[in-house]
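Enquirer: Okay, here's what each chain looks like letter by letter:
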Amino acid sequence: MHKPFTDKPIQRIGEDGRKIGRWTLDLTEDQLRTMHRDMVRARVFDEKLVTILRQGKTSFYAQSSGMEGTQVGLAHAVRPGHDWIWPYYRDQGLAIGLGVSVRDLLAQCLGTSEDLCRARQMPHHFGVRNYNFVSISSSIANQVAPATGTAMAQQYLGTDEITVCTFGDGATSEGDWHAGLNMAGVAKAPIMFVCENNQWAISVDFKGQTASTNIAVKAHAYGMPGYYVDGNDVLAVHSVVSEVAERMRAGEGPALVECLTYRIGSHSNADADAEKQYRSREEVELWRSRDPITRFERFLAAEGLSVDAAAIRAAAQREVEDAITATEATGTPGWDVMFEDVYEDVPAHIALQREYVRAEQEA
Amino acid sequence: MTALQDKETAVSTSATLSLNLIQAINLAMREEMRLDERVVLFGEDVGARGGVFLATEGLQAEFGRRRVFDTPLSEASIVGAAVGMAVRGLRPIAEIQFADYMGPGFDQIVSQAAKIRYRSGGQFTAPLVIRTPSGGGVRGGHHHSQSPEAYYAHTPGLKVVMPSTPYDAKGLLKAAVRSDDPVIFFEPKRIYRAFKEDVPEGDYVVELGRAAVRREGADLTIVGYGGVMPDALKVADALKAEGVSVEVVDLRSIVPWDRETVLNSVAKTGRALLVSEAPRTANFMGEVAYTIQEELFDALLAPVSQVAGFDTPYPYAQDKVYLPGPNRMLRAAAKLLGY
Chain A
540 MHKPFTDKPI QRIGEDGRKI GRWTLDLTED QLRTMHRDMV RARVFDEKLV TILRQGKTSF
600 YAQSSGMEGT QVGLAHAVRP GHDWIWPYYR DQGLAIGLGV SVRDLLAQCL GTSEDLCRAR
660 QMPHHFGVRN YNFVSISSSI ANQVAPATGT AMAQQYLGTD EITVCTFGDG ATSEGDWHAG
720 LNMAGVAKAP IMFVCENNQW AISVDFKGQT ASTNIAVKAH AYGMPGYYVD GNDVLAVHSV
780 VSEVAERMRA GEGPALVECL TYRIGSHSNA DADAEKQYRS REEVELWRSR DPITRFERFL
840 AAEGLSVDAA AIRAAAQREV EDAITATEAT GTPGWDVMFE DVYEDVPAHI ALQREYVRAE
900 QEA
Chain B
38 MTALQDKETA VSTSATLSLN LIQAINLAMR EEMRLDERVV LFGEDVGARG GVFLATEGLQ
98 AEFGRRRVFD TPLSEASIVG AAVGMAVRGL RPIAEIQFAD YMGPGFDQIV SQAAKIRYRS
158 GGQFTAPLVI RTPSGGGVRG GHHHSQSPEA YYAHTPGLKV VMPSTPYDAK GLLKAAVRSD
218 DPVIFFEPKR IYRAFKEDVP EGDYVVELGR AAVRREGADL TIVGYGGVMP DALKVADALK
278 AEGVSVEVVD LRSIVPWDRE TVLNSVAKTG RALLVSEAPR TANFMGEVAY TIQEELFDAL
338 LAPVSQVAGF DTPYPYAQDK VYLPGPNRML RAAAKLLGY
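Chains as they are written, first to last, in this note's numbering: chain A, 540 to 902; chain B, 38 to 376.
Worth flagging that the hints you see were computed from the coordinates, not collected in a lab. Treat the hints with caution; some may be incorrect.
[What the hints assert, rightly or not] Derived coverage of chain A by chain B (criterion: at least 3 residues anywhere in the stretch with Cβ under 8 Å from a Cβ of chain B; other residues may be distant):
hint	segment
1	612-620
2	692-703
3	707-719
[As the list claims (entries may be wrong)] Some residues of chain A that are not near chain B, with every Cβ distance over 12 Å (derived):
hint	residue
4	Arg659
5	Ser678
6	Asp830
7	Thr869
Glycine included, C-beta positions come from ideal geometry on N, C-alpha and C.
Based on the provided sequences and hints, a complete structural model is requested.
Expert: Rendered as structure tokens:
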């Protein structure tokens, strides 16, 4: 059993890939390989998306490179399509780890005709019903109280589902974050709040967000356990999340899990250059040397499990390239999609506006 | 979705109750909770206390703490939780104690409830109702008297409703609960207990988006909604005694609003007086006025006129001056009739 409120992040493997402490691996070789492959796929997805952004094919992208240990570890510890996820906007690794197809993610980023969200939302704001991966709002911490509501509904309906709500470190400063955790504590709802603490909210560092020693300690105030985890250790994340999820299914109520990681890339393409003004290259290089994928590969090697990293990488690159080609071939949706899904039906005033645009378009 | 959601349906029983507006709201929730297990009700003090205005009185006793419960004192939590419950398949009714306190839940309303259907391409929806008492006339000062409906009318994705009679309150609230879209349901608190009328005990809904013609007339149209309606009817009756025939239209729904009924009426009378108690600037009636002049320019016999609240915070001791009472409406009507 993992202990909440530890002074140091919970770890399972060190930077050298060796086991820390005494624990037994409860993952099959196949699971380990899938975990590794999903981390690489998430990294490659990032690299490719930055490329197509530079090509002008999409207008926004927020990298998650360096955070794959957190996102994939989390994804592999919940039940895809059964549990509910209220994600934030940097969760492509979480989506990939759950099993969402790269093509669905790309259709959203490129706003093509097959985009499940019908090309109305800013790139990189996914929403995938089949995976209960709820549509992302850009408004920070805006998903936290709704996630609590989903967990309360699960409780009301008597399901064995849980809800996972993710957010960055900056989100913990918002009033809605407090509102969501406080209500979850009172309701004892089955929700896991996961802070992907990448230490930077655009240009403001952790000390600029909070005087707390870490995020996990905040759980004290809401009457729930707070776990402080090394987010670059995919096995630590997986182990803590799995254990907490099981306890939640048994009715033990909410928990907060902080995964300490680092955003290797810029906040988004919008600060790709400005990034150099607020943090040092030395800091970025230090964290680059703590790469979660490299660390996991060292562990796999130490366990005698060989992976062909280059081949996995090449396959991931092909996967993304093929998905781009395929989704681009579906074209882009027509203008009239703009007027649908505002409401269940199209009310008269919107229908009139649609006719106005139709006349303009067909002139 | 059933036919009930679409039409003002025939009442299944002839039994009627004499109810005021807040009792009708209570009955609507009671009936919907009996009909649909997915309906849950929560907010501040709505449980044992029955709500500060007693809108939810007796509901926790009937349905238990699982379905009717008090929340922490946090509008962001209340609205946010309603969104998350609705997304997961419930039909939450969230009470915000006063419309003046919707502020902390505003982001949840406009960024989540209003947009989740649109931004997800219809994959996720938020069929919830936010009920909240609004408007002045209860000597509550500006933090217990405001009429913020225009903020929400300005956000696509929300339906905005305000009844002015017990019959409509019940039928509109039942329609709101059954709506697959988020509905902001404003309750004009100054007429919560102003009068009673016969309300059928059985199941009926009043379709969202349909106005009611309260008086038929030929010389002037008064358009209003919510707490100003009793005074608007008094004005119509007073003018009738002087030989002026006034048509009174109660919008009932602000979004979507019933353009057709309003335009048909003004096409007939040629004169429109738009009445509300929200501050004048960016008042929703501005949109109604705009539509009337755009569609009926040739039919108008006088400029479209508004009687509204003023562009001050809602005052305390001066609230009788602030509110558009019958005298102000009569003067505005006389001016229109003099063109």
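Enquirer: For each hint, tell me whether it holds in the structure or not.
Expert: Hints, one by one, checked against the model:
{"no.": "1", "hint": "612-620", "in the structure": "violated (count 0)"}
{"no.": "2", "hint": "692-703", "in the structure": "holds (count 5)"}
{"no.": "3", "hint": "707-719", "in the structure": "holds (count 4)"}
{"no.": "4", "hint": "Arg659", "in the structure": "violated, 6 Å"}
{"no.": "5", "hint": "Ser678", "in the structure": "violated, 4 Å"}
{"no.": "6", "hint": "Asp830", "in the structure": "holds, 34 Å"}
{"no.": "7", "hint": "Thr869", "in the structure": "holds, 14 Å"}
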